[in-house]
Amino acid sequence: MTSQGKLIQKLAFACIGMFGFAFALVPLYDVFCDITGLNGKPSLEQAKVSDTIDKSRIVDVGFITHIQNQAPFKVSADQAIVSVQPGAMSKVVFKAKNVSNESRMMQAVPSVSPGLAAKYMHKIECFCFEQQALEPGEEADLALMFYIDTALPLEFEELTLSYTVFDITQSGQMGSSQGASK
Amino acid sequence: MNSITQDQKDSQEQIKAQEGVITTEHDDSHAEEHHGPAKGLKRWLYTTNHKDIGSMYLIFSLVMFLIGGTMAMVIRAELFQPGLQLVDPHFFNQMTTVHGLIMVFGAVMPAFVGLANWMVPLMIGAPDMALPRMNNWSFWILPFAFAILLGSLFMEGGGPAFGWTFYAPLSTTYSNDNTALFVFAVHIMGISSIMGAINVIVTIVNMRAPGMTWMKLPLFVWTWLITAFLLIAVMPVLAGVVTMVLTDKYFGTSFFNAMGGGDPVMFQHIFWFFGHPEVYIMILPAFGIVSSIIPAFSRKKLFGYASMVYATASIAFLSFIVWAHHMFTTGMPLAGELFFMYTTMLISVPTGVKVFNWVATMWRGSLSFEVPMLFAIAFVVLFTIGGFSGLMLAITPADFQYHDTYFVVAHFHYVLVTGAIFSIMAGVYYWLPKWTGNMFDIALAKWHFWLSLVSVNVLFFPMHFVGLAGMPRRVPDYALQFADFNAIISIGGFAFGLSQLLFVAVVYKCIKGGDKVPAKVWEGAEGLEWEVDSPAPYHTFETPPKIKD
Amino acid sequence: MGVVRFTLWLILLIPQLSFANSSLNMRTGVTDISENVYQLHMIIFMICCVIGIIVFGLMFWAIFHHRKSKGVKPAQFHESTKIEILWTAIPFVILIGMAVPATKALIAMEDTTKADLTIKITGSQWKWHYEYLTYEGKKGDVDFYSIMSTPQDQITNKESKGEHYLLEVDKPLVIPTDKKVRFLMTSDDVIHSWWVPDFAVKKDANPGFINEAWTRVNTPGTYRGQCAELCGKDHGFMPVVVVAKEPAEFDAWLIESQQEKQNAAQADQALLSQTLSKEELMTLGQQVYMSSCAACHQPTGLGIPGVFPGLKASPIALGDVNAHIDMVLHGTPGTAMQAFAKQLTLKQLAAIVTYERNAWGNDTGDLVQPSQIKARLGGDE
Chain A
1 MTSQGKLIQK LAFACIGMFG FAFALVPLYD VFCDITGLNG KPSLEQAKVS DTIDKSRIVD
61 VGFITHIQNQ APFKVSADQA IVSVQPGAMS KVVFKAKNVS NESRMMQAVP SVSPGLAAKY
121 MHKIECFCFE QQALEPGEEA DLALMFYIDT ALPLEFEELT LSYTVFDITQ SGQMGSSQGA
181 SK
Chain B
1 MNSITQDQKD SQEQIKAQEG VITTEHDDSH AEEHHGPAKG LKRWLYTTNH KDIGSMYLIF
61 SLVMFLIGGT MAMVIRAELF QPGLQLVDPH FFNQMTTVHG LIMVFGAVMP AFVGLANWMV
121 PLMIGAPDMA LPRMNNWSFW ILPFAFAILL GSLFMEGGGP AFGWTFYAPL STTYSNDNTA
181 LFVFAVHIMG ISSIMGAINV IVTIVNMRAP GMTWMKLPLF VWTWLITAFL LIAVMPVLAG
241 VVTMVLTDKY FGTSFFNAMG GGDPVMFQHI FWFFGHPEVY IMILPAFGIV SSIIPAFSRK
301 KLFGYASMVY ATASIAFLSF IVWAHHMFTT GMPLAGELFF MYTTMLISVP TGVKVFNWVA
361 TMWRGSLSFE VPMLFAIAFV VLFTIGGFSG LMLAITPADF QYHDTYFVVA HFHYVLVTGA
421 IFSIMAGVYY WLPKWTGNMF DIALAKWHFW LSLVSVNVLF FPMHFVGLAG MPRRVPDYAL
481 QFADFNAIIS IGGFAFGLSQ LLFVAVVYKC IKGGDKVPAK VWEGAEGLEW EVDSPAPYHT
541 FETPPKIKD
Chain C
1 MGVVRFTLWL ILLIPQLSFA NSSLNMRTGV TDISENVYQL HMIIFMICCV IGIIVFGLMF
61 WAIFHHRKSK GVKPAQFHES TKIEILWTAI PFVILIGMAV PATKALIAME DTTKADLTIK
121 ITGSQWKWHY EYLTYEGKKG DVDFYSIMST PQDQITNKES KGEHYLLEVD KPLVIPTDKK
181 VRFLMTSDDV IHSWWVPDFA VKKDANPGFI NEAWTRVNTP GTYRGQCAEL CGKDHGFMPV
241 VVVAKEPAEF DAWLIESQQE KQNAAQADQA LLSQTLSKEE LMTLGQQVYM SSCAACHQPT
301 GLGIPGVFPG LKASPIALGD VNAHIDMVLH GTPGTAMQAF AKQLTLKQLA AIVTYERNAW
361 GNDTGDLVQP SQIKARLGGD E
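Residue numbers (the working numbering), protein chains in the order written: chain A, 1 to 182; chain B, 1 to 549; chain C, 1 to 381.
Honestly, the hints are just simulated from the structure, not real lab data.
Misleading hints may appear alongside valid ones.
Said to hold, decoys possible - What follows is a set of in silico ranges between Cβ atoms, one per label pair, in the way DEER data are often shown: (1) Asp177(B) / Ala151(A): 48 to 54 Å; (2) Ile16(A) / Ala487(B): 27 to 33 Å; (3) Ala375(C) / Glu139(A): 18 to 24 Å; (4) Glu139(A) / Thr300(C): 17 to 23 Å; (5) Asp320(C) / Ala133(A): 21 to 27 Å.
Cβ atoms here follow ideal geometry from the backbone N, Cα and C, with glycine treated the same way.
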């Protein structure tokens, strides 16, 4: 092949490579955000219980739920705020109710603010991304068990965990892409 | 050294084989007869000649400029007064969206490609582009792509209405089914740009005349070389993200949908990873044009040639690490905001160096003010103003007040209209006599310049004020305190739009006829393109020229 | 250092004298942060002006004095490493000087801790929803929609425009002055952006995610802003209005609002046993239709073909009444048809459905009562 042909080949590969790079940005984005916690997506892996508890400080964790698009669910935490010591386990129960006349399926997606604190929130038990089927009027107790990593930087005194609740009845088997464990 | 390289021989063989033209060396292995260009429609459909293709790109770009400009007139007509008078908000959103898409992908980029096609081979002493048949394809898929895009405006549901930046989920879940056509059109435009970029790189790397070393290349060639690398790097990323929009909308993926584990902000990251280098793609060739014109009419060499090359390369490199300055309000953490603030401020340094170098070129030169020089000088002042508003936007805390207001609209119109578009017009006025053999109607051209200069500032300068005062962008109506300035802006808009008809007239007249010009049209002009006849013969530099030291 | 401070003070003095709060410039606003932002804006603006004057000054000097027509012969120089290094280094140093105060301001803006009041803001097409979460440790328990209240007739030029055209809402957000207020933003559908220029607060509302911002207002008053991210058809018609009251007044307002909420819930309960007349339903229905539905479905009920379906002679308005009610209550996810269940009272919902089924010649004769709406909502809604 002439050197011209080789150059063309290189450039064509560069193009294809950059197209692939665009798609590679998707998992790369997640990896980067996982490591740095930059987008507030908390880690979805089941965490191990912490060995130590930092008794010198308290972190306030607030819970809010947002029902997306006024879907006919009521979801609320039994406590609006818990004050915890980093390392100490906490359990919060969310009551979820289907207030419509039909069977529905809901899914809760978590988001933590400030985003950088997200990677310090370890969940032992969580209903994030799980599909929850509810009959009309049925109520379910969804548990969240978590602890805050002792390595949480000192400047973070308050965290907010927000669950956005989606009605996925029509989409059927969507979501649960993270394969989150309870 | 006058021997030509094997690659150049190969290219020349290719060209001869396609066009059946013999050189004066009477090569008997090819056709006996001497063909000129074919006649009629077939000439243009099948041409592989860089001059023909360059002309087609330029005329296409002019038509697109007028169409996109008409949409701007619709926008300004609606915004002339508060209240909704002429169009409904959904159609207004289509106008702002398609105006942006057409100007970016249909006017500015094809114009620069057209100028590259015409001028790069001439400037490096090559007989044509490296890949002439691909060149033909690169052009002809463009009208096809834009027919699809413009056609979608007339379909039920209307054309794209989510801004040229098509953020998800507005463009995915909340758009109509015609979005597929938008995606298809963008893919085709991207393929055209990528093929063009490959062609430019291979041409410049392989087909320079002997003695045309890297540091002798005209700045226009350098800036296009670097631009072509940017295109190869980022157009595929645009293709990727627009494909993700397609699959999110029609095939159940969740790249940008939180319900499925995705993130709408990720769209913005991927888009702007393309989008920021894209705006430098739209300005680097402009820098090259201005760097050709100012020395010519100052009768003085470009100041700091080497720095100009390095500055262009630095800008290109830095353009990859500033993208999130379009996203300061998305909820980025502090570290991200600081990083992108610093890199964005940094990119103003090499850009400033270029401006200083142009002024230093003029300083103690022997200046004359022909029409190309008028546009080039206007570029230096007005692009710099656009650069200043860009620097202000870089300051993140201040950006919270500027973002998504008319202040941003003012900024990018200064750098794109009085920047890129003025440089294109400067280039056209500079090289039109070379292409046609005729001098254009100078009086009419001067009218075009002065009317454009005044009206463009009446149009875009007050946008700084309404933006600072709090008017958001992409709105069909506004609160009463913005009314007076909007009326002024609209009047400037109509005046600017009408003034461009003068440009059409000048170009048309010049093609038809005019005072004959010599090879060296302008007294101070330097470069290989001024050594061929005016009009440039259909085939030039079939034997490579001798490069002076 | 003293020289730098003095120069900065000088630079800031000039604009204070002439530019502050003119209609040409950014406003100084009513918070410490907004004033800080204004100063940063003026500093960078002044730096740009100075550089511009020098550079353009030199260029225009050359244009006037270095002309061929004056017989000037061109000089031969075309490089100077020394000068080039200088004019690369000097701007670089100026930028560092600028980056320092900008960094400080940004750090201050991102610190949302220790707020007195936390409010959840939800953007949707095309209105805002405010929910008071906690105030000084207690639950807020007030929430409401904030919808643009400029009448369509003003927009379509049938009536003359009011003073706060496009910048007025039915229920503004009310916050106390001198307290740190924290905002948690999210969206129900597409990306919106909540912006109040007087606070220098602008933050995107992303669907499925939560963003934080904060402010501390120094001066009581009414402050107006707009949505700052293209969100569809009525992006220009979803204003933000915030009323800042002295803390004592705010406390009173909060208590009053909590009371109102309870009263409204009771009134709704009482309605369930009533049967409203056709006249009452149609009158109220038309009123609510004009303010909540007509922007898309049009006063004529004809909609916009291909974009918003018409209701006149539509299968939904003429068909099964329960399906019609469900459509209004729950909307159609993935389209611009919102769920109105939470935005409107039972009485309003009943009135709208009745109106849509009987207006424009639809004439089904159906009357929908609040109790029917309640039944469709199910549960203990």
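Hints and how they fare:
| no. | hint | verdict |
| --- | --- | --- |
| 1 | Asp177(B) / Ala151(A): 48 to 54 Å | holds, 49 Å |
| 2 | Ile16(A) / Ala487(B): 27 to 33 Å | violated, 51 Å |
| 3 | Ala375(C) / Glu139(A): 18 to 24 Å | holds, 20 Å |
| 4 | Glu139(A) / Thr300(C): 17 to 23 Å | violated, 44 Å |
| 5 | Asp320(C) / Ala133(A): 21 to 27 Å | holds, 26 Å |
The structure shown violates the earlier hints numbered 2, 4.
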